[in-house]
Amino acid sequence: MSQFIKIDSRWCADFGNDLSASRDIAACCHYFDADDEDEQVDDVAISCVNCAFRRWLAQGVECMKLPPS
Amino acid sequence: MTLTTHSLLICIDDTDDIGTKGTGEIAQEIAMIVSEGQLSRCAFVTRHQLLVHPDIAYTSHNSAMCFQVRTRLSLAQAKMLAIAHIKQQMAAAADPGLAIIDLHQAFDETALIEFGLAAKQQVTTKANAYQVAADAGVDLSEHGGTGDGVIGALAGLGLRLFGNDGRVKGQLLTQQVGQIYSVAQLIETTGVDRVIDAKDNALALTELVMVTGKLKAVYRQHQNSILVMPLAGQWVNADKQLLKTY
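Chains U and H, in that order, are what the protein sequence lines are. Under numbering that gives the first Met the number 0, the first residue of the first sequence is numbered 0, with each subsequent residue one higher. Under numbering that gives the first Met the number 0, the first residue of the second sequence is numbered 0, with each subsequent residue one higher.
Just so you know, the hints here were simulated from the structure itself, not pulled from any lab data. From the three backbone atoms N, C-alpha and C, an ideal C-beta is built for every residue, glycine too. Where hints are given, some of them may not hold.
Claimed, not checked - Computed cross-link-like contacts, SDA-like style, restricted to lysine to any residue with a CA-CA straight-line distance of at most 20 angstroms:
no.	chain 1	residue 1	chain 2	residue 2
1	U	K5	U	Y30
2	H	K243	U	A51
3	H	K20	U	E36
4	H	K213	U	P67
5	H	K125	U	Q58
6	H	K20	U	D34
7	H	K198	U	E36
8	H	K243	U	N16
9	H	K213	U	Y30
10	H	K86	U	K5
11	H	K243	U	I45
12	H	K119	U	F31
13	H	K119	U	W55
14	H	K119	U	I45
15	H	K20	U	S19
16	H	K20	U	D13
17	H	K20	U	N16
18	H	K243	U	K5
19	H	K213	U	A33
20	H	K243	U	K64
21	H	K119	U	A44
22	H	K119	U	F52
23	H	K20	U	K5
24	H	K243	U	W55
25	U	K64	H	K213
26	H	K20	U	A57
27	H	K243	U	Y30
28	U	K64	H	K78
29	H	K119	H	L207
30	U	K5	H	H52
31	H	K86	U	A44
32	H	K20	U	G59
33	H	K78	H	T124
34	H	K213	U	V40
What the hints assert, rightly or not - Restraint-style ranges between C-beta atoms, simulated for each label pair:
no.	chain 1	residue 1	chain 2	residue 2	range
35	U	I6	H	E35	33 to 39 angstroms
36	H	V176	U	D23	39 to 45 angstroms
37	U	I6	H	Q175	41 to 47 angstroms
38	U	H29	H	D101	48 to 54 angstroms
39	H	A231	U	R9	37 to 43 angstroms
40	U	V43	H	Q220	30 to 36 angstroms
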């Protein structure tokens, strides 16, 4: 699930250890805003997993900015 | 004149919301306030990752922030200052918790470590946190919202006491990317205790490390430790994906 899909009205993605999709999506996302540096987990700065608007899940992340529809 | 110095261990959790000032930054500010502007060497903030689970209310990471300060203030005085700052800085939707112990007074270290380690593996309750805190001699308090942050605050305290958990907040700024430093130079210029690999082995002072990006430290064996990893036949500082596991 290396792209965001809607699960129970929430946009979720599980990038696993390969963060290329996380970087590609963030590079095109106008919502991206870097989180506190201590909370970043990808050495490539612009990456969904480094975004202030991602929320970690037991598996993957949830985007808190993508519109509901 | 005799000055009484207290050594306090303070942990906070759930003070922020997405888009607001982070709990780590608030922790650093409290450390500065409580230490009356004279931060001791031990005042670095450690970030402790707790369980991420659908049954747990958390903002975005579920981590707690802990620090030790030496201060002339009593625990009660420090607590009052910490609460005032939390209330001033917390997000509207936050559920802050605050845990404090005086390291010079009696407390049940084993129980606290057990609680902290359990909070990384299983869901627990606020009632349980208060019970453990009362039994273990911890000053635990909540300051708004649901107050569920007391769980993380107590767990973070236990994990800091455990000594083998968490990342140190902030980055070590004095190195140039692409340069090679001896371990002795890194320790001297950053003030960390040591340089370690992922198996917790300390590198010898004469070993060489190439700085490839922002230098970060982890908290292992009760020491502020730069983490390195092997890459192409040499040591380099840990990348963020490796640091994430701490």
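Quiz prompt | Straight-line alpha-carbon gap K64 of chain U to K213 of chain H, limit 20 angstroms | solution = At roughly 28 angstroms apart (the allowed maximum being 20 angstroms), K213 of chain H and K64 of chain U break the hint.
Quiz item: If you draw a straight line from the CA of K243 of chain H to the CA of A51 of chain U, is it 20 angstroms or shorter?
Solution: 16 angstroms, holds
Quiz item: Given a hinted range of 33 to 39 angstroms, is it respected by the beta-carbon distance of I6 of chain U and E35 of chain H?
Solution: 49 angstroms, violated
Quiz item: When you check the alpha-carbon spacing of K119 of chain H and F52 of chain U, does it fall within 20 angstroms?
Solution: Given that 20 angstroms is the threshold and the Cα spacing comes to 23 angstroms, the pair is violated.
Exercise. Please work out if K213 of chain H and A33 of chain U have their alpha carbons no farther apart than 20 angstroms.
Key: Distance of about 16 angstroms is within 20 angstroms: holds.
Quiz item: Straight-line Cα separation of K86 of chain H and A44 of chain U no greater than 20 angstroms?
Solution: 32 angstroms, violated
Exercise. Please work out if K20 of chain H and S19 of chain U have their alpha carbons no farther apart than 20 angstroms.
Key: 29 angstroms, violated
Quiz prompt | Hint consistency between K243 of chain H and Y30 of chain U [alpha-carbon to alpha-carbon, up to 20 angstroms] | solution = At roughly 23 angstroms apart (the allowed maximum being 20 angstroms), Y30 of chain U and K243 of chain H break the hint.
Practice problem: Sort out whether K5 of chain U lies within 20 angstroms of K20 of chain H, counting only the CA atoms. | Solution: Between K20 of chain H and K5 of chain U the Cα gap is close to 29 angstroms, so the pair fails against 20 angstroms, i.e. violated.
Quiz prompt | Hint consistency between K20 of chain H and G59 of chain U [alpha-carbon to alpha-carbon, up to 20 angstroms] | solution = 24 angstroms, violated
Practice problem: Take a quick look at whether K5 of chain U and H52 of chain H sit within 20 angstroms of each other, Cα to Cα. | Solution: 18 angstroms, holds
Quiz item: Within a Cα-Cα threshold of 20 angstroms, do K78 of chain H and T124 of chain H meet the stated pairing?
Solution: 23 angstroms, violated
The structure shown violates the earlier hints numbered 4, 5, 7, 9, 10, 12, 14, 15, 16, 17, 18, 20, 21, 22, 23, 25, 26, 27, 28, 29, 31, 32, 33, 35, 36.
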